[in-house]
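Its first residue numbered 119, the sequence shown is counted upward by one per residue in the working numbering.
Take these hints with a grain of salt, some might be off.
Claimed, not checked - Just the calculated beta-carbon pair ranges, DEER-fashion:
1) Val229 with Ser197: 48 to 56 Å
2) Thr125 with Gln215: 21 to 29 Å
3) Ala232 with Thr145: 51 to 59 Å
Because the hints were derived from the structure by calculation, they are not lab data.
None of the values given here were measured: they were computed from a predicted structure.
We put the beta carbon where it would ideally sit given N, CA and C, even for glycine.
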Amino acid sequence: MVDYTRTELATRVLRDLGMVAADETPTAVDLAWALETCDSEIEQMQARGIPIWNGGVSAVPRYYLTLLSRRIGISLAPSFGLSDIGTAQTAMAAMEQELRRLGTVPATGQVMEAEYF
119 MVDYTRTELA TRVLRDLGMV AADETPTAVD LAWALETCDS EIEQMQARGI PIWNGGVSAV
179 PRYYLTLLSR RIGISLAPSF GLSDIGTAQT AMAAMEQELR RLGTVPATGQ VMEAEYF
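Turn these sequences into a full structure, and let the hints guide you.
Below, the structure is given as structure tokens:
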């Protein structure tokens with residue numbers, strides 16, 4: 119499985135927003151702002167009970183990259199004048215439903231065993 123670093127996630131967010139071209143490197147200021155937003159948004163989602171892969175922010179699994187980048191990009195868009203806060207909040211809620219689905223454990227069909235005392 120391929121994992122992505124915080125910096126790669128932040129760069130992806132800026133690319134998804136159109137702030138950085140696919141072959142460009144973000145400015146230090148934009149990258150710092152995106153990193154801060156990534157960390158804050160991931161921690162905020164975790165605090166609200168949205169499952170985020172392994173509970174850490176150090177490496178993002180490939181299967182989370184696109185959805186997570188979009189969700190964080192939506193929260194970052196108003197600071198770049200690309201959206202208003204109300205529209206962003208509505209869109210974030212929709213993306214969070216997708217992240218919740220992605221984080222659910224699929225049913226195995228197995229009977230769960232438990233010990234009772």
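For each hint, the structure was consulted:
no.	hint	result
1	Val229 with Ser197: 48 to 56 Å	holds (50 Å)
2	Thr125 with Gln215: 21 to 29 Å	holds (27 Å)
3	Ala232 with Thr145: 51 to 59 Å	holds (54 Å)
Figure legend: structure checked against the earlier numbered hints; every hint is met.
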